[in-house]
Amino acid sequence: MEAKTKNFNTAAAEALNDPNIQANLHGLYQGFHHARVDAAAATPGWEEMREKAREIKAHTIDNLDHYLEMASAEVTRAGGSVYFANTAEDASRYVVDLARSKGVEIAIKGKSMLSEEMGLNDRLAENGIEPVETDLGEYIIQLAGETPYHIIAPAIHKTRDEVAELFEEKLDAPRYHEIEDMAGEARRQLRQKFIDADMGITGVNFLVAETGTIVLVTNEGNGRMCTSMPRTHVAIMGMEKVIPSMDDLGIFLRLLIRSATGQRLSSYVTTVTGPRRHDDEDGPDELHLVVVDNGRSRLLADPELRESLNCLRCGACLNACPVYRKVGGHAYGWVYPGPIGAVISPMLTNLGDAKDLPHASSLCGACREVCPVKINIPRMLLYLRKELAQGETYPESRRASLVDRLLMKGWRLSIANPIMLRLANKAAALAQWPLARRRRLTWLPGPLGGWTRYRNLPAIASRPFSKRWRKMR
Amino acid sequence: MFVTCIVDQFYPVVGESTVRVLRRLGVDVDFPSGQTCCGQPAFNSGFWADAKPVARRVLKMLRGDRYVVVPSGSCASMIRVFYPELFHDEPGPLAEARDLAPRVFELSEFIVDVLGVTDIAPYGDSAGAPESRKVTYHEACHLRRELGVTTQPRTLITSAPGVELVEAQQSDVCCGFGGSFSVRYPDISGAMLQDKIEQLSETGAERFVSCDSGCIMHIAGGMERQKVDMRPVHIAELLDEYLGQE
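These protein sequence lines are chains A and B, in that order. Residue numbering for the first sequence follows our numbering, beginning at 53 and increasing consecutively. Residue numbering for the second sequence follows our numbering, beginning at 80 and increasing consecutively.
No lab work stands behind these hints, which were simulated from the structure alone. Keep in mind it's a predicted model, so treat the numbers as computed, not measured. Even glycine gets a Cβ: it sits at the ideal position worked out from N, Cα and C. You may find that some hints are simply not true.
Over the 10 Å line for every Cβ pair with chain A, so calculated as not near, a few chain B residues [stated by the list, open to error]: (1) 95; (2) 164; (3) 179; (4) 237.
Okay, the calculated beta carbon distance ranges per label pair [as the list claims (entries may be wrong)]: (5) 70/A with 145/B: 46 to 56 Å; (6) 488/A with 112/B: 43 to 53 Å; (7) 128/A with 174/B: 24 to 34 Å; (8) 104/B with 474/A: 22 to 32 Å.
Using 20 Å as the maximum straight-line C-alpha spacing, the simulated EDC-like pairs for lysine to aspartate or glutamate come out as follows [as the list claims (entries may be wrong)]: (9) 131/B with 456/A; (10) 222/A with 232/A; (11) 426/A with 251/B; (12) 426/A with 300/A; (13) 245/A with 334/A; (14) 213/B with 246/B; (15) 104/A with 421/A; (16) 245/A with 141/A; (17) 245/A with 121/A; (18) 131/B with 444/A; (19) 523/A with 107/B; (20) 131/B with 107/B; (21) 523/A with 109/B; (22) 426/A with 164/B; (23) 245/A with 224/A; (24) 461/A with 129/B; (25) 519/A with 109/B; (26) 58/A with 251/B.
Please model the entire structure based on the sequences and the hints provided.
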């Protein structure tokens, strides 16, 4: 997928000015976020579980080569094929070549963010293969020709009426008013595709290394249809999705599902170990697992960012983030939005082009507070800001503007010591004199004007505390 | 006491209140001279090289064995949590930062956790304080999430005679200040501020309490602009209204 991270401000403004989007984003907090808070509170040992999961993930990522080799051997032993792809292009090429070699005309798809990284639907279509998204949200997005707005709720920005209109236009459906009717329409449309498809493509929530088992968490049952109906099942996964053993799976399922939707368990949890065996009644003849790097090695190689590979893609940090809930998913300009997206999207695309992502955060830390594996996202945003300003590890990404550097120098000078601060205080007191009305400033020049667009500023004190202290000591 | 640049330059009365409150609770307060800023603006903007000399001055200034009380969760976090990060590759200052960190406390945290005071009623005389004061509380982000301080300010607020605390919706959600974030992304920050103003107003409280002057500057600045009838009060000022009367 092409990165549009440079357009952050334009895209953010669009979302801010769209009342429907604002209402839906607000709904995320009332819905998913509160459901997560309640689910966490109702789960004994929640905090211990988060810590345990963090430890397992950190251990696995530190030994990623070992666990990937183990997983690969087990998937192969169960009768599947494993392909390691360095890039998104490489991964797409493998899937397209496989589909062509089997004469696939329709490929049904389960929800996968990695597929977005790969731009897989476009690659398939270019090669005469019809990709069909089967997750309802993804199906809507595909009809609209858009990209997902949220990691687990891809069409969250669309209103019921917008979806009805879309169905009317693209599917020749009657004008629906009830969500159930629209879901019914999608079900009818998709049913035949499930039957006709020769390939099912899904993501992977977890890959259990010791057994080579692919685990999928869904609520609509579409994932299970994709893994069981077509002759060929292709599972694509980012290389960080591996966990060591079945014993670890329980804790991750509990954390992932509660953090994502607040459910105790999703409607479907599907485990797939190899293709159909000779005594199985159904299932795919072939299972292909594509393990994709696509920049993740850069995260792995950087000790400051490695922790981001612990992410389970639950989306809780998006729902908790007051910035995401204003600017929405498309502002972030690439596959992964929200706080975790602000860390990984720049690193998987181009940090220098994505300077707004680490900066467009108040560093409030709500993301870290809800993360099921305790990823310290604010600390990584600070690190990326440092790289953008100083370019120590990534010199090519340095993007400190002249204005920023001058403001920094000015600030340094004014607070260098108490004498300079007193001078700066006097200068500011003098400068604010024509602007201050009743000890309030309602307009400021240049880059500071951003403040006075929405707030007054108190006038600087003519007698700062340091001066008043003399009478208090 | 480390007064912070915002209090020093914009809200000096908060500094005075902090001193009076601490003294009333029996603390010997000193104000090491030479204070300017903790360096957070540069650190948060990524200019760590500019933050370092400022932080080194603070480390030097706060050497010794005294507690360091800060009337701000954000600046206290900078010193306690982020100085060790800032100096992670410089053994000398890192050792100093680690020595300093356990001595640094935000004001309400210090009063409750170090002084062990959970009820301020016995320490004051409510004669001069106005009666029946309905307040709401806005949680500062760094205070809550970097220092883990959530109950202490509420304990102190509710212990002040005549003060009624009305909780606001989403009192733990950021007001949108975020330092330079508010100036770099004014529209996003402004939209967050709008929610905050509405949620605080809905409580019907006369005033909102916060432990951080940054949040106060932001929220009160927005309320003033919109002529919302609610005033800010720093927790030091609120406690001072009751305790400060000598």
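So, going through the hints one by one against the coordinates:
1. 95: The assertion about residue 95/B is violated, with a minimum of 6 Å to chain A.
2. 164: Residue 164/B not clear of chain A: closest Cβ-Cβ about 7 Å, inside 10 Å.
3. 179: 19 Å, holds
4. 237: Holds: least Cβ distance 23 Å, greater than 10 Å.
5. 70/A with 145/B: 46 to 56 Å: 53 Å, holds
6. 488/A with 112/B: 43 to 53 Å: 29 Å, violated
7. 128/A with 174/B: 24 to 34 Å: 52 Å, violated
8. 104/B with 474/A: 22 to 32 Å: 31 Å, holds
9. 131/B with 456/A: Roughly 17 Å separates the two Cα atoms, so the pair holds.
10. 222/A with 232/A: Holds. Residue 222/A to residue 232/A sits at ~18 Å (cutoff 20 Å).
11. 426/A with 251/B: Satisfied, since the Cα-Cα distance of roughly 18 Å is no more than 20 Å.
12. 426/A with 300/A: 17 Å, holds
13. 245/A with 334/A: 18 Å, holds
14. 213/B with 246/B: 10 Å, holds
15. 104/A with 421/A: 16 Å, holds
16. 245/A with 141/A: Measuring from Cα to Cα gives roughly 26 Å; hence the hint is violated.
17. 245/A with 121/A: 35 Å, violated
18. 131/B with 444/A: The hint holds at about 15 Å.
19. 523/A with 107/B: 16 Å, holds
20. 131/B with 107/B: The hint is violated at about 30 Å.
21. 523/A with 109/B: 13 Å, holds
22. 426/A with 164/B: 18 Å, holds
23. 245/A with 224/A: 17 Å, holds
24. 461/A with 129/B: 8 Å, holds
25. 519/A with 109/B: Given pair residue 519/A, residue 109/B holds - Cα atoms ~14 Å apart, limit 20 Å.
26. 58/A with 251/B: At roughly 31 Å apart (the allowed maximum being 20 Å), residue 251/B and residue 58/A break the hint.
When the structure is compared with the earlier hints, violations turn up for hints 1, 2, 6, 7, 16, 17, 20, 26 and for no others.
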